[in-house]
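Novice: For chain A, the structure is supplied; the task is to place chain B on it using the hints.
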Amino acid sequence: MAILKKDVEYIAHLSRLNVSEDEKEEYSKQLSNIIQHIERLNELNTDNVEPTYYALDIKNVFREDKIEESIDKEKVFNSAPLIEKNGFKVPKII
Amino acid sequence: MELFKLTIEELHKQLIEKKVKPSEILDSIYKRIESVDPKIKAYLLLTKELAYNMAKKAEEKIMKNENITELTGIPVAIKDNMCLEGVPTTCAAKMLEGYKPPYTATVLERLKDAGAVFLGKLNMDEYAFGSSTENSSFFPTRNPWDLERVPGGSSGGSAAAVAADLCIAALGSDTGGSIKQPAALCGITGLKPTYGRVSRYGLIAFASSLDQIGPMTKTIKDNAILLKYIAGKDKKDSTTADIKVIDFAENLECDIKKFKIGIPKEYFIEGIQDEVKENVLSAIEFFRKKGAQIIDISLPHTDYAIDVYYIIAPAEASSNLARFDGVQYGLRDTEAENIIDMYKNSRQKGFGKETKRRIMLGTYVLSSGYYDAYYKKAQKVRTLIKQDFNFAFEKVDVIITPTSPTTAFKIGEKISDPLTMYLSDIFTIAPNLAALPGISIPCGFDKNNLPIGLQIIGKPFKEDDLYKIAYLYQKETNWHLKKPDIN
Numbered sequence: 001m002a003i004l005k006k007d008v009e010y011i012a013h014l015s016r017l018n019v020s021e022d023e024k025e026e027y028s029k030q031l032s033n034i035i036q037h038i039e040r041l042n043e044l045n046t047d048n049v050e051p052t053y054y055a056l057d058i059k060n061v062f063r064e065d066k067i068e069e070s071i072d073k074e075k076v077f078n079s080a081p082l083i084e085k086n087g088f089k090v091p092k093i094i
Numbered sequence: 001m002e003l004f005k006l007t008i009e010e011l012h013k014q015l016i017e018k019k020v021k022p023s024e025i026l027d028s029i030y031k032r033i034e035s036v037d038p039k040i041k042a043y044l045l046l047t048k049e050l051a052y053n054m055a056k057k058a059e060e061k062i063m064k065n066e067n068i069t070e071l072t073g074i075p076v077a078i079k080d081n082m083c084l085e086g087v088p089t090t091c092a093a094k095m096l097e098g099y100k101p102p103y104t105a106t107v108l109e110r111l112k113d114a115g116a117v118f119l120g121k122l123n124m125d126e127y128a129f130g131s132s133t134e135n136s137s138f139f140p141t142r143n144p145w146d147l148e149r150v151p152g153g154s155s156g157g158s159a160a161a162v163a164a165d166l167c168i169a170a171l172g173s174d175t176g177g178s179i180k181q182p183a184a185l186c187g188i189t190g191l192k193p194t195y196g197r198v199s200r201y202g203l204i205a206f207a208s209s210l211d212q213i214g215p216m217t218k219t220i221k222d223n224a225i226l227l228k229y230i231a232g233k234d235k236k237d238s239t240t241a242d243i244k245v246i247d248f249a250e251n252l253e254c255d256i257k258k259f260k261i262g263i264p265k266e267y268f269i270e271g272i273q274d275e276v277k278e279n280v281l282s283a284i285e286f287f288r289k290k291g292a293q294i295i296d297i298s299l300p301h302t303d304y305a306i307d308v309y310y311i312i313a314p315a316e317a318s319s320n321l322a323r324f325d326g327v328q329y330g331l332r333d334t335e336a337e338n339i340i341d342m343y344k345n346s347r348q349k350g351f352g353k354e355t356k357r358r359i360m361l362g363t364y365v366l367s368s369g370y371y372d373a374y375y376k377k378a379q380k381v382r383t384l385i386k387q388d389f390n391f392a393f394e395k396v397d398v399i400i401t402p403t404s405p406t407t408a409f410k411i412g413e414k415i416s417d418p419l420t421m422y423l424s425d426i427f428t429i430a431p432n433l434a435a436l437p438g439i440s441i442p443c444g445f446d447k448n449n450l451p452i453g454l455q456i457i458g459k460p461f462k463e464d465d466l467y468k469i470a471y472l473y474q475k476e477t478n479w480h481l482k483k484p485d486i487n
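One line per chain: the protein sequences are A and B, in this order.
Take the first sequence: its letter number 70 is residue 70 in my numbering, and every next letter is one higher.
Take the second sequence: its letter number 442 is residue 442 in my numbering, and every next letter is one higher.
For the record, the hints were derived by calculation from the structure and aren't laboratory data.
Careful: at least some of the hints might be erroneous.
Said to hold, decoys possible - Straight-line alpha carbon distances no greater than 27 Å define the calculated DSSO-like cross-link-like pairs of lysine-lysine that follow:
(1) Lys-376(B) / Lys-6(A)
(2) Lys-235(B) / Lys-66(A)
(3) Lys-277(B) / Lys-257(B)
(4) Lys-75(A) / Lys-112(B)
(5) Lys-100(B) / Lys-85(A)
(6) Lys-459(B) / Lys-59(A)
(7) Lys-29(A) / Lys-349(B)
(8) Lys-258(B) / Lys-290(B)
(9) Lys-100(B) / Lys-75(A)
To be verified - If you anchor each label on the Cβ, the simulated ranges turn out as follows:
(10) Glu-74(A) / Phe-268(B): 55 to 61 Å
(11) Phe-391(B) / Pro-51(A): 15 to 21 Å
(12) Glu-74(A) / Tyr-371(B): 37 to 43 Å
(13) Met-63(B) / Asn-86(A): 45 to 51 Å
Claimed, not checked - Okay, the calculated bits of chain A under chain B, using three or more residues with CB under 8 Å as the criterion:
(14) 9 to 20
(15) 26 to 34
(16) 46 to 53
(17) 61 to 73
(18) 77 to 87
Glycine included, every Cβ here is placed at the ideal spot set by N, Cα and C.
Okay, chain B solo, but in the shape it has when bound:
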């Protein structure tokens, strides 16, 4: 049996039955990475030595039957915007090349405590700015279903690694759709938790009112397992919610007849790829046949979400990225004779095009004379978008939409026109602005054999609803089991 193909659930069973050792799983995955990743380019860094040490510790725990969790000995890969002490963390940015953080992100501390094993760091768009992973300072990642196409982004390395069996599960981060969109384009399961569900401590900040870390996995069950270990209040992130973390994976069965599913007409618009629409509609039909109540709803301000997002996110980013000034860490221009030139030259050398574009856009909408017209206006429309969802959730339990308007696009196709690129996130942005949890699961393929994603949006902190509904779907469909033929 090829161990790299398995899920957390399957490997855990084999581990506790002592049929397999954590180090053997690692051997299998690193061999897989060696043969396949040169084509995919999902990894920025492999942490082999660390991984084998962690695997050894996991093995000792298993032998002693002590403190075993569902993640003990399970290899997980990490998007490269999460800090791991002493291990290079770059955010796929030239600015941070060689940077070794002096501390570890809370999510990684929690995974480590649970006995998980860290395989390496995954590629992404620089600072998570992008929807294709083409903005990585180092190299683009390729979609395992078609190497000429993008894996989506910004968590493109994470999605591609899961889809190509280059890890058992991965962590991504989502600001405007950076987990859900690549999950859809690579045919995997990706959850963006409710804002405040997972600690952001040690996540290199993009837009602090939107950023969330979430699990990217092969199945719903694995996703629920991973969330359980990373979620919960953290005193190091005061925006984490003090809400009980339930065992999401324990009870995934549900009585679908009790669920009311909302279908917003604004998400089935002109311009969306026919096959995406058809497959999402057949998934909705699946739920109707199972007895769920399907209700037509309206989220009237949907169309404005993209504009709100491209004010708020760059505004917050321009402020967050002020820290990259060449003083405390990162790239530094040593020629400059005064401090302003030192800042400017260091930032010029260290930042990519999209990063500079977003910093300037954010600086502009926050600048004197424009703050009210753009930033404050956007925050007001954000209220209207949130109210749309509040109103809808009085009538329904969850909302189903496509995750992205199209399947994976070609590398280079949208990179020169930032606005077109931004539009690939139109369906994931609105729920994110409202802090809502959302999951993308595979629901079919187009004629080019590219995966299609279905988005389920839930009420705040009702990730369990999303898991239950998606679990029912995955129990009776096999889209999520299909594997790309990589060549």
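Here chain A stands alone, though its shape is the one from the complex:
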């Protein structure tokens, strides 16, 4: 399936990315090529095959729900671009 310019715009929005007009052209071409290659998978019948999400058997890991020391708040705020009081500052949402 070909990825058209309008598809690139839609995917870019879902991905929260801006793309320039030039990039739309470029990505449309490159993503189409990649998707075309990937579609070879349709040669295989997988009707009765279970999907593998993790290749080794792993089980859920439980632990006691007890309070432990975590990373210091100050340290975390140190790398934040914008903070105010005890929070990360972002543009107005509502």
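Specialist: Chain B alone, transformed into the frame defined by chain A:
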């Protein structure tokens, strides 16, 4: 003696015999870096002050003869996607320029506890997206065997640093071949451990069902030593396996006659460089002569692995990279008036081309209406690929293949065509999708004097098999001892 040339094994001996001090090893390596790294560009950051402090502590331990391990005083360099508290960790991404993590990755905690010394952070493809290190936001790294060529990727800085003696050993990370492929292209020894063998806590995530950290070294013995210290269950990574970590380096001898080695016909296909094929076949002949049983096998779904990978890995990456939104850390666009524009502008400014390409590809295959056709289909074919290996491992103990279809390619040669670039990982991807351990070791050179890599794939958690077989090979060959003439 030039100390920077030595291995972990050799330096450890000299350290415990008190013939050399950790700080003297550091002097030697930093001098080497100063003279050679401007040509190679393996390092993004040197952590000299930290290193000399760590060396001092190691020296005290050695003087007191207390808590000495094989890594005490040994300088190790780190791929820049592993967090070290307070030390800039960028993932070679502009997005994270100047970012200082508030915590340290488990592997680095473990190396620190063992007394290792951290030299600095190594270049890579941005977020580990790439096979050439050309996608670094900062600069490409060059192959020490030919400065016009790539070192492979994404752990290209790690492979080049080991090959050029800019460190004693390094850590890399592997998702689709990012340790093994650069190890092959730079002529060093690189192990991608079984998924779950090594903690991913503090490794900046790319594809969480595939990522593994592994050792990149000058020899098998060094590799086995390093793995021992980083491997094992970690309560901070619930996907780590609760499987005993043996002393991999203690017993590397083996009776090769007991080993059955599988040779999959799908890995010796048209399009692979003649010299790569010839050298891998002569290595197989070496094992046959030594008495190993060589068995022809088939892994029929091999050809589809690349397609499965380029659905699953970008899908997981698109989700993992959602965290780079300009809120908690990293680059932030401060002009935007609403939150969506703030996200979009920050990500536009911070992400490189390949990163955006992979995020979009991943978002597409996960998007409504396409999830079943692409993502779920890929997970089903992943099952078939895994079954191929399960079936093969009923008959053989290990599988030998080339690591990469060609030797190192020229800088710029594949960068404009992502699909061609992706194909340089065709031999490393399938075993990774099946979570299997794999190692790349040098097995010869082509006519341009570029190293060729041999991949040995093992059963889950049987890294010791890989080490034993590779050790026998390195004992009787000298490919891994050859050094590039850097000029």
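Novice: Which of the numbered hints are not met once you compare them with the structure shown?
Specialist: No hint contradicted; all consistent.
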